[in-house]
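These protein sequence lines are chains A and B, in that order. Numbering that gives the first Met the number 0 puts the first sequence at residues 0 to 341. Numbering that gives the first Met the number 0 puts the second sequence at residues 0 to 317.
Bear in mind the hints are in silico, worked out from the structure with no lab data behind them. Heads up, the beta-carbon is just placed ideally off N, CA and C, and yes, glycines get one too. Misleading hints may appear alongside valid ones.
Quick look at which bits of chain A chain B covers, simulated, 3 or more residues with Cβ under 8 Å [unchecked claim]: (1) 32-38; (2) 58-64; (3) 175-188; (4) 193-200; (5) 300-314.
Chain B stretches covered by chain A per the calculated footprint, using a threshold of three residues with CB under 8 Å from any CB of chain A [stated by the list, open to error]: (6) 61-67; (7) 84-98; (8) 193-203; (9) 243-250.
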Amino acid sequence: MMLAAGQRSTRVPARAGGLLLLGVALVVVLFFSITVGARPIALGDVLAAITAPDPDSTTHRIILELRLPRTLVGLLVGAALGLAGAILQGATRNPLADPGLLGIQSGATLCVVLGISVFGITTLSGYVWLAFLGAGIAAVAVYLIASMGREGATPVKLALAGAAVTAALGSITSAILITSVETLDQIRFWQVGALTGRTMDILAQVAPFLLLGIALALTTGRILDGLAMGDDVARGLGQRVQLNRAFAGLAAVILAGAAVAAAGPIAFVGLTIPHVARAMAGPNYRWILPYSMLLGPILLLGADIIGRVIVPPGELQVGIVTAAIGAPFFIAFVRRRKLAEL
Amino acid sequence: MFRSIFAAALALGFAATSALAAEWTYTDGSGNTITLDHVPTRIVMHANTAAGLIPLGIRPVGIYVDAPVAEDKSLQGLDLTGIEIVGEGWGEIDIERVAALKPDLVLAEWWPLQKAFSGLEGGAGTTSEKIVQIAPVTGPTQGASILQLISDYETLAASLGADLSASGITADKAAFEASLAGFKAAVAAKPNLTVLPVWAGTDALYVAATEGSSELRDFASWGLKLMTPEVAGDRGYWETLSWEQADKYQPDLLIVDNRSDATMETAEAQPMWTAMKAAAAGQVADWPAFWLRNYRAYAGALDELTAAIEAADENLTN
Numbered sequence: 000m001m002l003a004a005g006q007r008s009t010r011v012p013a014r015a016g017g018l019l020l021l022g023v024a025l026v027v028v029l030f031f032s033i034t035v036g037a038r039p040i041a042l043g044d045v046l047a048a049i050t051a052p053d054p055d056s057t058t059h060r061i062i063l064e065l066r067l068p069r070t071l072v073g074l075l076v077g078a079a080l081g082l083a084g085a086i087l088q089g090a091t092r093n094p095l096a097d098p099g100l101l102g103i104q105s106g107a108t109l110c111v112v113l114g115i116s117v118f119g120i121t122t123l124s125g126y127v128w129l130a131f132l133g134a135g136i137a138a139v140a141v142y143l144i145a146s147m148g149r150e151g152a153t154p155v156k157l158a159l160a161g162a163a164v165t166a167a168l169g170s171i172t173s174a175i176l177i178t179s180v181e182t183l184d185q186i187r188f189w190q191v192g193a194l195t196g197r198t199m200d201i202l203a204q205v206a207p208f209l210l211l212g213i214a215l216a217l218t219t220g221r222i223l224d225g226l227a228m229g230d231d232v233a234r235g236l237g238q239r240v241q242l243n244r245a246f247a248g249l250a251a252v253i254l255a256g257a258a259v260a261a262a263g264p265i266a267f268v269g270l271t272i273p274h275v276a277r278a279m280a281g282p283n284y285r286w287i288l289p290y291s292m293l294l295g296p297i298l299l300l301g302a303d304i305i306g307r308v309i310v311p312p313g314e315l316q317v318g319i320v321t322a323a324i325g326a327p328f329f330i331a332f333v334r335r336r337k338l339a340e341l
Numbered sequence: 000m001f002r003s004i005f006a007a008a009l010a011l012g013f014a015a016t017s018a019l020a021a022e023w024t025y026t027d028g029s030g031n032t033i034t035l036d037h038v039p040t041r042i043v044m045h046a047n048t049a050a051g052l053i054p055l056g057i058r059p060v061g062i063y064v065d066a067p068v069a070e071d072k073s074l075q076g077l078d079l080t081g082i083e084i085v086g087e088g089w090g091e092i093d094i095e096r097v098a099a100l101k102p103d104l105v106l107a108e109w110w111p112l113q114k115a116f117s118g119l120e121g122g123a124g125t126t127s128e129k130i131v132q133i134a135p136v137t138g139p140t141q142g143a144s145i146l147q148l149i150s151d152y153e154t155l156a157a158s159l160g161a162d163l164s165a166s167g168i169t170a171d172k173a174a175f176e177a178s179l180a181g182f183k184a185a186v187a188a189k190p191n192l193t194v195l196p197v198w199a200g201t202d203a204l205y206v207a208a209t210e211g212s213s214e215l216r217d218f219a220s221w222g223l224k225l226m227t228p229e230v231a232g233d234r235g236y237w238e239t240l241s242w243e244q245a246d247k248y249q250p251d252l253l254i255v256d257n258r259s260d261a262t263m264e265t266a267e268a269q270p271m272w273t274a275m276k277a278a279a280a281g282q283v284a285d286w287p288a289f290w291l292r293n294y295r296a297y298a299g300a301l302d303e304l305t306a307a308i309e310a311a312d313e314n315l316t317n
């Protein structure tokens with residue numbers, strides 16, 4: 000900590016500058032996310048759609064009813080996944096932690112599958128609450144299982160409980176999908192993870208949770224920096240380790256649950272982004288968190304834009320693009336530099 | 000002594016001729032001929048084949064379905080009492096229950112492109128494929144026309160002992176002929192009417208090519224103007240349109256794949272659905288996609304389409 004205090008005077012401007020650059024990059028990505036799509040629309044029409052919307056114009060409706068909500072959902076979901084990944088990696092001190100770790104995505108998937116097969120729910124906005132419910136139940140179950148025994152919810156026990164619950168929920172999901180082609184048809188596109196078809200009403204449903212989660216997440220920097228030194232040191236510095244880990248975990252569950260509700264289970268963003276943020280910002284979570292928050296939507300929306308133009312006149316789902324970009328990138332990243340020990 | 004030998008020879012000869020008379024032969028879609036020493040009575044069928052044969056009076060002892068029975072469109076409205084369901088998932092046949100039924104024949108449709116019978120597309124090595132060790136598998140070919148397929152089922156049913164002159168069967172056929180005449184008249188009365196068959200997902204709008212579906216080819220042969228999507232050679236019979244491109248085709252009438260009710264709901268939930276003038280004007284009808292197998296179902300589907308065509312403005316788009 001002494002060292003960190005000494006570094007602060009020289010590194011803070013560099014890190015703040017990096018954050019500013021990422022902010023600019025994000026604005027550029029947002030611009031392209033509104034202007035680029037499967038249908039070429041002139042910049043003038045895009046501006047007209049925003050300044051003087053004409054409800055009878057198909058191009059205006061595409062900008063306002065498809066690209067705008069999709070971009071906002073991508074912005075919030077990307078930030079949420081980046082933050083949730085950073086928090087989970089920090090709180091569990093596990094470099095492979097991501098929003099899938101605590102059973103959040105598999106719980107959400109199972110609940111959506113049940114909603115389709117048992118209750119016949121078919122709309123994306125109907126899936127939102129199901130996914131949220133499933134994410135919450137799974138995360139609580141993982142936490143309770145990991146809390147059993149004397150030492151409470153340690154990182155290793157959380158990871159093991161998460162893996163076990165994920166496997167159990169995944170097998171139930173598979174069992175349902177194997178016996179119902181119709182459910183499989185409905186779930187197929189949701190399960191990949193996508194920003195297509197996300198309309199304003201879906202944004203309105205999840206935005207409050209995402210904003211709350213982002214606000215909570217940004218306050219966890221000090222907690223994560225303490226936990227990063229190990230439970231014993233953190234305790235010695237006066238941290239209430241279990242309580243703090245539970246608080247950080249709650250923020251991550253809200254973020255990951257709302258993200259999966261909004262866009263389906265998107266892989267790799269939550270895993271990769273915190274590592275990139277750590278490489279850029281150093282080991283201090285008070286910087287890693289805002290870096291992850293900006294890097295997440297840059298990757299997610301960037302991948303979505305690529306997916307929109309790569310197979311005209313169709314589109315490729317963002318979940319496929321992030322996995323296709325994310326996997327080789329992550330492997331190269333891991334091979335090129337020594338990853339920070341957590 | 001002589002009399003008893005004579006009687007025995009006579010009996011033997013008689014038995015031989017009657018066996019010859021009861022022999023059953025069928026040549027399937029792959030050109031393979033099957034010969035049984037008796038007319039099969041205990042038959043296990045794929046759901047679509049059952050949908051073709053049950054209305055003609057040939058009832059299976061067991062049916063395997065690609066999905067839960069309640070979701071199978073082709074079986075809707077058919078009396079399935081007493082028939083065992085021996086599979087409710089694509090490629091999933093419960094071999095032990097099939098064996099317990101002691102079938103003497105399995106009937107399914109031959110898919111020329113996949114070179115396989117319905118339900119056995121997984122090929123050798125799958126559990127389902129073991130059904131060929133229980134009983135021979137045969138059946139008519141999927142092809143250019145549902146009407147042809149129904150006619151193939153009539154031939155098959157007759158060989159299995161069905162009485163095609165039964166009043167219920169002839170009434171169904173007569174009702175179909177009337178429905179078809181009505182359909183042709185409605186189509187002829189609207190020469191400018193263009194029709195687009197689609198499947199809607201939240202990810203994209205899928206536009207069907209006529210040649211990919213037997214009933215669409217029937218419709219086209221009866222004069223219906225189906226629009227032709229640009230299908231990339233390696234992507235099967237559908238053109239995938241981003242919802243941003245949903246207005247690429249502007250038909251006068253949209254027909255939506257109705258294998259699942261959810262497809263229409265999904266379509267109507269998309270903001271760009273109404274970018275197609277036909278959707279905005281409510282000129283939308285069901286497309287009975289891939290599941291028609293008998294005259295009664297076909298007549299019902301044609302009547303609905305006829306009503307939609309008669310109600311549609313043929314000059315909604317140019």
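Tested hints:
Given a C-beta distance limit of less than 8 Å, the hint that chain B covers the stretch 32-38 of chain A holds, as 3 residues qualify and 3 suffice. Given a C-beta distance limit of less than 8 Å, the hint that chain B covers the stretch 58-64 of chain A holds, as 3 residues qualify and 3 suffice. Closer than 8 Å: that is the beta-carbon criterion, and the stretch 175-188 of chain A has 8 residues meeting it against chain B, so the requirement of 3 holds. Proximity of the stretch 193-200 of chain A to chain B, defined as three or more residues with a beta carbon under 8 Å from a beta carbon of that chain, is established by the 4 residues found.
For a cut-off of 8 Å, the count of residues in the stretch 300-314 of chain A with a CB near a CB of chain B stands at 6, and the three-residue condition holds. Counting residues of the stretch 61-67 of chain B whose C-beta lies closer than 8 Å to any C-beta of chain A gives 3; at least three are required, and the coverage claim holds. With 4 residues having a Cβ less than 8 Å from any Cβ of chain A, the stretch 84-98 of chain B passes the three-residue criterion, so the hint holds. For the stretch 193-203 of chain B, the assignment as covered by chain A holds, since 4 residues bring a beta-carbon within under 8 Å of that chain's beta-carbons and 3 suffice.
Counting residues of the stretch 243-250 of chain B whose CB falls under 8 Å from any CB of chain A gives 4; the rule of at least 3 is met.
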